[in-house]
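Chemist: One line per chain: the protein sequences are A and B, in this order. In terms of the working numbering, the first sequence opens at residue 1 and continues consecutively. In terms of the working numbering, the second sequence opens at residue 257 and continues consecutively.
For the record, the hints were derived by calculation from the structure and aren't laboratory data. Heads up, some of the hints might be wrong.
[As the list claims (entries may be wrong)] Covered stretches of chain A, as calculated for chain B (at least 3 residues, CB under 8 Å): (1) 109 to 119; (2) 122 to 134; (3) 216 to 229.
From the three backbone atoms N, C-alpha and C, an ideal C-beta is built for every residue, glycine too.
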Amino acid sequence: MAEVLLKIEGIHKRFGGLHALNNVALHINKGEIYGLIGPNGAGKTTLFNVLTGLYTPDEGQFTFDGIDLFRAPPHIVVSGGIARTFQNIRLFHEMTALENVMVGRHIRSKANALGAVLRTKSVRQEEAAIEAKAWELLRYVGIEDVAYERARNLSYGHQRRLEIARALATEPKLLALDEPAAGMNPSETEGLKALMEKIRNDGVTVLLIEHDVKLMMGLCDRIAVLDYGKKIAEGVPEVVRKDPKVIEAYLGAAHS
Amino acid sequence: MTSNKKLGTFLASAIVLAVLPFVVSGTLGNAWVRTIDFALLYVMLALGLNIVVGFAGLLDLGFIAFYAVGAYTFALLGSPHFGIHLPFYITIPLGAGFAALFGILLGTPVLKLKGDYLAIVTLGFGEIVRIFMNNLNAPINITNGPQGINLVDPIQFAGFSLGKVTQIGSFTLNPVHLYYYMFLALTVLVVIMVSRLQHSRIGRAWVAMREDYIAASAMGLNIRNIKLLAFALGALSGGVAGGLFAAFQGFISPESFSLLESIMILAMVVLGGMGHIPGVILGAVVLTIAPEILRDVIGPLQMHTFGRMIVDPENARMLLFGLAMVVMMLTRPEGMWPSKRRQAEFDDAKKG
Chain A
1 MAEVLLKIEG IHKRFGGLHA LNNVALHINK GEIYGLIGPN GAGKTTLFNV
51 LTGLYTPDEG QFTFDGIDLF RAPPHIVVSG GIARTFQNIR LFHEMTALEN
101 VMVGRHIRSK ANALGAVLRT KSVRQEEAAI EAKAWELLRY VGIEDVAYER
151 ARNLSYGHQR RLEIARALAT EPKLLALDEP AAGMNPSETE GLKALMEKIR
201 NDGVTVLLIE HDVKLMMGLC DRIAVLDYGK KIAEGVPEVV RKDPKVIEAY
251 LGAAHS
Chain B
257 MTSNKKLGTF LASAIVLAVL PFVVSGTLGN AWVRTIDFAL LYVMLALGLN
307 IVVGFAGLLD LGFIAFYAVG AYTFALLGSP HFGIHLPFYI TIPLGAGFAA
357 LFGILLGTPV LKLKGDYLAI VTLGFGEIVR IFMNNLNAPI NITNGPQGIN
407 LVDPIQFAGF SLGKVTQIGS FTLNPVHLYY YMFLALTVLV VIMVSRLQHS
457 RIGRAWVAMR EDYIAASAMG LNIRNIKLLA FALGALSGGV AGGLFAAFQG
507 FISPESFSLL ESIMILAMVV LGGMGHIPGV ILGAVVLTIA PEILRDVIGP
557 LQMHTFGRMI VDPENARMLL FGLAMVVMML TRPEGMWPSK RRQAEFDDAK
607 KG
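Put together the whole structure using the sequences plus the hints.
Modeler: Dropping the structure here:
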């Protein structure tokens, strides 16, 4: 039996009259790549925002690696071990690639204002360690040659990779990627797939939202399907693919 | 830059700064040394505000309140008003501490506010502090109201006072000279403080928050703490400058802490180059000295060319000053000496 890393139950999220998440329950096992698919507006990104603390759910339960994260603010979620990227890349555009990743180290470092002003030995060592780790991560995702470029000037594919490096800098147990392959060409997508597999093999569980169903089927261990805020299917890709409810949600009732 | 060249620049600027007050008092007179002393106070204030506005991106229009808190702390604890005469090495840190506390007091209710809304609330805060100082003379006389506090102790230690003319050998040191070195030393400390903060984990967090606070919080930054820290540390250097101002002037009243002062300090930060320490220093120096030059030039110039005063020099000074600001913002909105990062931002904006 695989070890459960993240577990939510009975999650509800309403925006006024819109019931964006309706009684959603799912669990993610340690070490898997877990996919989240569904038509546009199904609530994937809302669920993502709930899981990363940007939205507070109205009801439900949310535990992660033995800690209760229900309604926890983002910085608690991140220090608990969940890191994310954004559908519409949100880098710190005027900072260099290296600085972006260094910001990711914030939560795993602890120099306070006084220490920073006095520049004590431990603060200097920590700062050097932050920079070394940032370089390591840039190499890991393969963009160390643009370390001193401002994030704004990076190519689209590099920006995606930089966002992943920045998220990895927080030392997550679960890396949540919101449509990382959106707008990528096939060869970039292949490279990204290899990177995600590498991340998983290095012991980080991956949660993935993606529209590219082919990519998801080949990559994910398990998939959940959302439609109108409800989970309509969950399981290994081969089973989910044949589920009549999933086919209906994607193609309409006539095809089922 | 090689380390030799760096050392050379450092020594050269140290020598220039050391002899500056004597050169100025020898050529232009002591009044100008006084202006330079004020320029140093404004450098401290502008660097403090720069933490809030330049680094953290929080528009603060009430920054002068922290200057007032520092000044009043110093004056109340070192003047005949209460008959308390604590030494400056207690009152200045205490004033800085109180100012930081006020920074947190202001910061807490405005945590969720941004942009214009934040500006309005901070503007109100600045005015509230000034109005309190103006009215806290009844029922119990704490601040002495609009009359202000007189005979504030000068900075003094071990029988040596910065407020008296001092003779060292054949050198005559006026108070304006003595205060100059005191202010310079503290300005250097403030510069070291802010530049070390900027290149630390905390400085990066401020910039990250300014650029995209959602992404920053998703990276685990505790936005609340980072904002409060910016307000507190900015206020801290404002409080230090306030204490020095009270000692230097020997007299303070609520009039010195008007909205116009807040706006001047903000103008120094923006005109110099938001977020860039050398730029902000330049902005503070230029905006302190330029109006004084205009004051000296406008009157005689009008007398010379028209034979009489057409525009009151004081009004003309503000008119020219306003005009200069408008021209500057139209032609060089990034400031006189922006950081590379900010220059790039503006270049991107121009390109569209």
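Chemist: Compare the structure with the hints numbered earlier in the document and write down the numbers of the violated ones, lowest to highest.
Modeler: 3
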